[in-house]
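Participant: First to last, the sequence lines map onto chains P and D.
Residue numbers for the first sequence follow numbering that gives the first Met the number 0, beginning at 0 and rising by one.
Residue numbers for the second sequence follow numbering that gives the first Met the number 0, beginning at 0 and rising by one.
Just so you know, not all the hints are guaranteed correct.
Claimed, not checked - Each computed DSS-like pair below joins lysine-lysine, with the alpha-carbon atoms no more than 25 Å apart:
#1 D:Lys130 x D:Lys97
#2 D:Lys222 x P:Lys148
#3 D:Lys222 x P:Lys92
#4 P:Lys122 x P:Lys40
#5 D:Lys222 x D:Lys97
#6 P:Lys105 x D:Lys222
#7 D:Lys222 x P:Lys114
Everything labelled a hint here was simulated from the structure, so no lab data went into it.
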Amino acid sequence: MIVRACALMAAAVLVSAPAAARDYYYFNKPGVTRDQYVADKLECDRLAGGVQAADIGPVYVQQNPNLTAGQNALAVGIASLFAGLIGGGENRKAMRAVERTCMADKGYARYEVDKPVVREIEKMEDVDARIERYFALAATDAPVGVRIKE
Amino acid sequence: MMWFVRMPASKNRSVFPSADEGPGRAKSRLLPRRFSLRSNEPLVFARGSGFFSILRIFTLWLALALPAAATAKDKMAIDPAAAYVLVEIEHLKDAVLKGTTAPGAITIARYDPVGGDVRGGDKSPGTLLGKKEVLRIVLGSKPVAKSKEARLYLVQVPADTWVIEGSGTTAFSLGSRTFTAAPGQIVDLGRFHPSVDWLEGEGPKDMASGLMGAAFFGSVNPKDLRPIKLDWRPRGASDFPLPPALAGKTLVAADYAEGAKFGNYLGGLVNRIGGRATRGQGVVSPVAPASDVAARVAADQSEPTP
Numbered sequence: 000m001i002v003r004a005c006a007l008m009a010a011a012v013l014v015s016a017p018a019a020a021r022d023y024y025y026f027n028k029p030g031v032t033r034d035q036y037v038a039d040k041l042e043c044d045r046l047a048g049g050v051q052a053a054d055i056g057p058v059y060v061q062q063n064p065n066l067t068a069g070q071n072a073l074a075v076g077i078a079s080l081f082a083g084l085i086g087g088g089e090n091r092k093a094m095r096a097v098e099r100t101c102m103a104d105k106g107y108a109r110y111e112v113d114k115p116v117v118r119e120i121e122k123m124e125d126v127d128a129r130i131e132r133y134f135a136l137a138a139t140d141a142p143v144g145v146r147i148k149e
Numbered sequence: 000m001m002w003f004v005r006m007p008a009s010k011n012r013s014v015f016p017s018a019d020e021g022p023g024r025a026k027s028r029l030l031p032r033r034f035s036l037r038s039n040e041p042l043v044f045a046r047g048s049g050f051f052s053i054l055r056i057f058t059l060w061l062a063l064a065l066p067a068a069a070t071a072k073d074k075m076a077i078d079p080a081a082a083y084v085l086v087e088i089e090h091l092k093d094a095v096l097k098g099t100t101a102p103g104a105i106t107i108a109r110y111d112p113v114g115g116d117v118r119g120g121d122k123s124p125g126t127l128l129g130k131k132e133v134l135r136i137v138l139g140s141k142p143v144a145k146s147k148e149a150r151l152y153l154v155q156v157p158a159d160t161w162v163i164e165g166s167g168t169t170a171f172s173l174g175s176r177t178f179t180a181a182p183g184q185i186v187d188l189g190r191f192h193p194s195v196d197w198l199e200g201e202g203p204k205d206m207a208s209g210l211m212g213a214a215f216f217g218s219v220n221p222k223d224l225r226p227i228k229l230d231w232r233p234r235g236a237s238d239f240p241l242p243p244a245l246a247g248k249t250l251v252a253a254d255y256a257e258g259a260k261f262g263n264y265l266g267g268l269v270n271r272i273g274g275r276a277t278r279g280q281g282v283v284s285p286v287a288p289a290s291d292v293a294a295r296v297a298a299d300q301s302e303p304t305p
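Take these sequences, add in the hints, and give me the full structure.
Facilitator: In structure tokens form, the structure reads like this:
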């Protein structure tokens with residue numbers, strides 16, 4: 000029984016993983032100036048920051064009389080953890096949707112990029128250097144990668 | 000309310016013979032069927048079968064509730080010194096799942112045209128309103144008229160410049176329209192049609208996909224969330240007649256001004272009021288000429304109100 004429950008839980012995690020998976024992309028608008036790009040990105044980040052955390056409400060788990068109080072508490076904890084993960088995922092999804100809608104509204108197209116490229120940029124400790132890399136991707140006339148929908 | 004009072008003990012009949020009758024009766028009598036909240040405690044009002052008792056309760060509820068509702072509408076009096084908005088909002092259909100319908104809702108907020116933000120917002124902190132002052136109004140409940148397609152709202156508002164801030168949890172932060180409501184004015188905002196701003200080739204899930212999503216991902220939302228947009232047109236002769244409270248009153252068309260931007264204060268997605276199809280356009284959607292509303296008002300006043 001326990002093995003079956005664990006297998007079900009693992010399956011649930013695997014199935015829900017794609018929903019939480021992150022897309023790696025950048026925005027491109029040929030010819031945009033650095034100041035304009037920074038202003039646009041800041042404005043869209045500000046709007047995305049307005050997304051409120053999803054209210055998942057209290058988590059109810061029926062008390063199992065066959066379990067001890069500690070095991071019941073553990074069950075509630077696990078259920079709350081999963082509910083929190085789902086709520087956090089919805090929140091991040093909404094923030095990304097706001098950013099994408101806002102940047103598209105300002106004329107930017109979205110291009111998919113390999114994970115290492117984004118990872119490398121995000122590892123840069125110098126913020127100006129990081130912005131410079133993203134700006135280079137944003138302003139180029141020959142964007143690399145596949146254009147993806149808004 | 001006296002129907003709910005229990006019968007006096009003398010009126011109660013027992014299945015057992017009384018002391019006067021003596022023990023000689025062979026059979027106990029059949030009691031009439033009763034609908035009782037507590038066993039062995041017959042209610043005068045509830046005498047009869049359960050079905051008819053429920054019918055009586057329902058009739059009583061109708062008799063009490065309906066006049067009260069009618070009175071609430073009839074009591075709506077227009078303050079000649081106050082500002083009002085009249086708006087018709089169509090239902091939101093196929094929002095997430097195919098075949099679903101929900102009443103459409105619009106949020107309006109007080110706007111600072113100088114600072115370019117909702118009053119008290121990030122770009123307009125100096126216009127912060129007092130705690131008891133109304134900052135935003137959600138037009139989504141207590142309609143003055145409703146049909147299968149739309150609802151009509153008439154709401155008193157503080158005189159000010161207002162912006163159509165959003166619909167549902169979508170804020171039209173990327174571009175919306177403002178209007179002014181002056182004291183003594185009844186401003187006709189027209190008729191709005193909310194819908195999801197899908198990309199080409201996208202659409203609502205069918206019920207089975209939605210239930211699968213809810214079961215495995217904890218949400219019926221699509222992978223890519225899409226905001227709401229509003230289509231607009233002036234109210235016409237085929238729409239709701241003016242409510243009785245506005246009989247003989249003069250309405251003014253909203254003096255819409257386009258291009259208002261502001262922060263995302265509704266906590267959800269953002270969009271332009273007219274959706275992605277209106278990007279790059281100076282005017283979001285056509286504005287009703289004042290003559291349309293004047294003609295509409297004249298037509299309403301010549302027709303008998305229901």
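Participant: Would you mind marking each hint as holding or not holding in the structure?
Facilitator: Comparing the hints with the structure gives:
1. D:Lys130 x D:Lys97: Status violated; Cα separation ~41 Å.
2. D:Lys222 x P:Lys148: 12 Å, holds
3. D:Lys222 x P:Lys92: Holds, at about 8 Å.
4. P:Lys122 x P:Lys40: Satisfied, since the Cα-Cα distance of roughly 19 Å is no more than 25 Å.
5. D:Lys222 x D:Lys97: Holds - the C-alpha atoms of Lys97 (chain D) and Lys222 (chain D) are around 16 Å apart, at most 25 Å.
6. P:Lys105 x D:Lys222: 23 Å, holds
7. D:Lys222 x P:Lys114: 20 Å, holds
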